[in-house]
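**Q** Chain by chain, the residues:
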Amino acid sequence: MTDSLLSIHKLTTQIGRDDGAIIPVSSVSFDIHPGETFALLGESGCGKSMTALSVMRLLPPAGKITEGEIFLDGINLRDLPEVDMRAQRGGNIGMIFQEPMTSLNPVLTVAYQVGEAVKLHDEEHAGDIDARVLELLQQVGIPDPERRMSEYPHQLSGGMKQRVMIAMALAGRPKLLIADEPTTALDVTIQAQVLDLLRDLQKRTDMAILLITHDLGVVAETADRVGVMYAGEIIETAPVDTFFAEPQHPYSQRLFDALPSVERRNRPLTAIEGNVPSLAETFRGCRFRSRCDVAKEICATELPPWHGDQEHGYLCHLQQLRSESIEAPQEASISEQEPGKNVLRVEQMQLYFPIKKGLLRRTVGHVRAVDGIDLDISSGKTVALVGESGCGKTTVGKGILQLLRPTSGSVQLNGTELTKLKGENLRSLRAGMQMIFQDPASSMNPRMTVEAIVSEGLIAQKIGKDRSERLERVKAILDRVGLPERFMKRYPHEFSGGQRQRIAIARSLVLRPDLLVCDEPTSALDVSVQAQILNLLKEIQDEAKIAYLFITHNISVVSYLADEVAVMYLGRIVEQGDVDTVLGDPKHPYTQALLSAVPVADPQREREIIRLPGDMPSPANPPSGCHFHPRCPRATDICSQSWPELSKSGTHKVWCHLHG
Amino acid sequence: MRLLIAVSFLLCWLLAALFGSSFFGDANHINLELILKAPSLDAPLGYDELGRSVAARLIDGARVALLVSVITVFVSALFGSVVGLVSGYYGGWVDRIVSRIIDIVLAFPGILLAIALAAVLGPGIENLVIAISAVGWVGYARLARAQAMSLRSRDHVTAAIALGSGEGVILFRHVLPLMWIPLMVEASFGLASVIVAEAGLSFLGLGVQPPDASWGSMIREGSRFLLVSPHLAIFPGLAIMAVVLAANLLGDWLRDRLDVKRF
Chain S
1 MTDSLLSIHK
11 LTTQIGRDDG
21 AIIPVSSVSF
31 DIHPGETFAL
41 LGESGCGKSM
51 TALSVMRLLP
61 PAGKITEGEI
71 FLDGINLRDL
81 PEVDMRAQRG
91 GNIGMIFQEP
101 MTSLNPVLTV
111 AYQVGEAVKL
121 HDEEHAGDID
131 ARVLELLQQV
141 GIPDPERRMS
151 EYPHQLSGGM
161 KQRVMIAMAL
171 AGRPKLLIAD
181 EPTTALDVTI
191 QAQVLDLLRD
201 LQKRTDMAIL
211 LITHDLGVVA
221 ETADRVGVMY
231 AGEIIETAPV
241 DTFFAEPQHP
251 YSQRLFDALP
261 SVERRNRPLT
271 AIEGNVPSLA
281 ETFRGCRFRS
291 RCDVAKEICA
301 TELPPWHGDQ
311 EHGYLCHLQQ
321 LRSESIEAPQ
331 EASISEQEPG
341 KNVLRVEQMQ
351 LYFPIKKGLL
361 RRTVGHVRAV
371 DGIDLDISSG
381 KTVALVGESG
391 CGKTTVGKGI
401 LQLLRPTSGS
411 VQLNGTELTK
421 LKGENLRSLR
431 AGMQMIFQDP
441 ASSMNPRMTV
451 EAIVSEGLIA
461 QKIGKDRSER
471 LERVKAILDR
481 VGLPERFMKR
491 YPHEFSGGQR
501 QRIAIARSLV
511 LRPDLLVCDE
521 PTSALDVSVQ
531 AQILNLLKEI
541 QDEAKIAYLF
551 ITHNISVVSY
561 LADEVAVMYL
571 GRIVEQGDVD
581 TVLGDPKHPY
591 TQALLSAVPV
601 ADPQREREII
611 RLPGDMPSPA
621 NPPSGCHFHP
631 RCPRATDICS
641 QSWPELSKSG
651 THKVWCHLHG
Chain R
1 MRLLIAVSFL
11 LCWLLAALFG
21 SSFFGDANHI
31 NLELILKAPS
41 LDAPLGYDEL
51 GRSVAARLID
61 GARVALLVSV
71 ITVFVSALFG
81 SVVGLVSGYY
91 GGWVDRIVSR
101 IIDIVLAFPG
111 ILLAIALAAV
121 LGPGIENLVI
131 AISAVGWVGY
141 ARLARAQAMS
151 LRSRDHVTAA
161 IALGSGEGVI
171 LFRHVLPLMW
181 IPLMVEASFG
191 LASVIVAEAG
201 LSFLGLGVQP
211 PDASWGSMIR
221 EGSRFLLVSP
231 HLAIFPGLAI
241 MAVVLAANLL
251 GDWLRDRLDV
261 KRF
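Taken in order, these protein sequences are the chains called S and R.
Be aware that the first sequence starts at 1, since it is given in the UniProt record's numbering, and climbs by one per residue.
Be aware that the second sequence starts at 1, since it is given in the UniProt record's numbering, and climbs by one per residue.
None of these hints come from the bench; they were simulated from the model.
All C-beta atoms, glycine included, are put in the ideal place defined by N, C-alpha and C.
Heads up, a few of these hints could be off.
[Unchecked claim] Stretch-level coverage of chain R by chain S, calculated; a stretch enters the list once three of its residues show a Cβ under 8 angstroms from a Cβ in chain S:
#1 155 to 161
#2 164 to 175
[To be verified] Computed far set for chain S versus chain R, every beta-carbon distance over 12 angstroms:
#3 Arg-148
#4 His-154
#5 Gln-310
Construct all of the structure, not just a fragment, from the sequences and the given hints.
**A** The following block contains the structure:
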């Protein structure tokens, strides 16, 4: 295969001066052929984005390429003068980024921004830029493009913005499109649309795509070949089918083992212990050695050899094929189905935010973030609340904990009504209900030590008579969440994401709550660390019989962890029931679409994606009748007229006219 | 380097203000034989129109400047921060009233308001402090309010509420400690502007009264003899410039060093 479009050979990139420099990319080689999608897969900090930026020669000011060559279509990009490089960027190479919100200029119209790219890179159309812009917007599937051209980025939804970014990248008719986590910031139904679009564009224009992602599901769906990066190196390259059937490198294998799924219910996930090594050190052996469970002595002393060729091979001392996947043994299931006592009962909870306008701040309307939901959770059980961003699921969590006060309805914790309580009465009940946040970094005061953070709740609830007694409890709980005692005097910024989330869990658990609201507790974490945290949460639930309300958009986490699922759309629950029933036999068209859009880490699996047109409407002005009817593929006349009655079969509840 | 210059200037100022008077004699001692005497080796800064030692008066002025600036910055920073903290954290109608007051005070040219106040209250150091503080607190209040508003919605504050911590703990443990860095930076710049304001008011005769010395009043008296004896105005002018520059350099350094964005 000599006709590769992009050829990277032994690329090494350095950031910072020679003393104490970080090497985020070290000796990376791969080729991409025209019309091919090559995925760089890796966890955060593995150097995948830096590789892409090296290709674009857009490294941060302190960064430079120290070794290696980059050829695009026979042109050596590394030696190219900056003037010519500028023509390559946006010309032969297009790039799209993770955050479409920050990649577009908020004060310029869509037509202007796309037109600028056309002006720079498309001489043919220099005379009639607007026509070309319109053509590009049509190409990326933006509905009503004439109207959209004169709009500003804030008037577009996230998915639309990403489409505009893609249109800009296409303006120069690139031969190579670099997509850096193009769908990570988007909801699954929108992600499915965007991935579809990329595939479709590739088919039509024969461009090559370098896809950078951390999501095995996205790789399985879109890529032809994959390169796995770990700590700055490519440790395995393979065609996608082979990779998913037989991953070779121990790290790749563990990544698959760490994925939560239905099959792994009732047993711990295989977490990869520890963290990625610092890229400032010089490696004498294998970079994965310290976390590898099949490491040998040689792994510490000698750099591992590459088996196979550049198209298909792996970097490891071991020459085995697929080792037995390490599945932790199934634990003696303790789930004797004794009905636990009810911990939380939510009835018809509504939470509206007033929209105020004018000098007198008169209320002109309401954002109906939560519009009447019912929930019941028993001790030791997990209820997952699933939905896309903006559906109100986080507001439900905060409303239950009285961090936002519900507008109406009832919330009972162990039989005590919370919505009427105030001040000291409410404060003393807070020990019974705790919350874990999505971003552990911002959920802790950066100026408090771990000891102060964890003991704050004890002081607030007046538990323990003096400091030493509290200290004992802090030590015990830190030990329980797997943190050594010596961490107590340190500050949050000294820890990794996974460790911080452990601290946050310790802070909640030290109060021995009956209810724990987990708001996307693992979505800011890498897959291997996510497995550690999920294991911990599951163990703790088994021990202390805590009721979990698990708020998430990640369906595989739900299938692994939850007993019951509630699917939310625009402030209301549309389907609710046992996890197996809802995920296995979804009744509501929205649940069906949501589940079908989740990328599956298995390229063999054929699936029919139900495409939802448009975006979620604003909760300030929800559609009449069933909120979902404007996007529903099976909507009938009645759907726009009235909110459907509950239809129930066993414990499975659906709110849909089709099942009335 | 920047820091070295700033700190050494400020240290000189501090030492001069605290201990200088014992070396340079009485600032109000009149010696008619030495009227308007130019600087010489014996008296490097010369004498003024009443034959008083410029060096001694400069030291006196340093003490006034130190006293006024430190107290004023302290008073306005404390008052402004607390007002801003409460207004930003609680929001609602308290916030709306406070914001309007801040807007109104800011709409006046600050020095004019201070002049008016000093004129009403009458001259003197205490009134000088009151007049400058009355204008100065709004800067801190505005900054503290913005900080409190953004910190209030951070997860760690929500977490503290969820743990059942009281409002005092939340305000003083979770919000205030995270906003004092930008306030410190503001205060170090504030030091410079207070010195200028004090000099300005004294220059207009609203501050320290004769025969006591202040840098502003020295410049005013010296300006009448600018063509004959320029040293009368030049030395206090240089003193003001040095201290203001040093305070600004210190503020710059603090801002870069304690980069607010880093946490």
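**Q** Are all C-beta atoms of chain R more than 12 angstroms from that of Gln-310 (chain S)?
**A** holds (41 angstroms)
**Q** At 12 angstroms, judged by beta carbons, does His-154 (chain S) keep clear of chain R as stated?
**A** Fine: 20 angstroms to the nearest Cβ keeps His-154 (chain S) off the interface.
**Q** Can you confirm whether chain S covers the stretch 164 to 175 of chain R, using C-beta to C-beta distances below 8 angstroms and requiring at least three such residues?
**A** With 6 residues in contact (Cβ-Cβ under 8 angstroms with chain S), the coverage given for the stretch 164 to 175 of chain R holds.
**Q** State whether the coverage of the stretch 155 to 161 of chain R by chain S holds or is violated, taking the criterion as 3 or more residues with Cβ-Cβ distances under 8 angstroms.
**A** n = 6 at 8 angstroms, threshold three: holds.
**Q** Against chain R, does Arg-148 (chain S) hold up as non-interface, every C-beta pair farther apart than 12 angstroms?
**A** Holds, because the least Cβ-Cβ distance between Arg-148 (chain S) and chain R comes to about 32 angstroms, which exceeds 12 angstroms.
In this structure, every one of the numbered hints holds.
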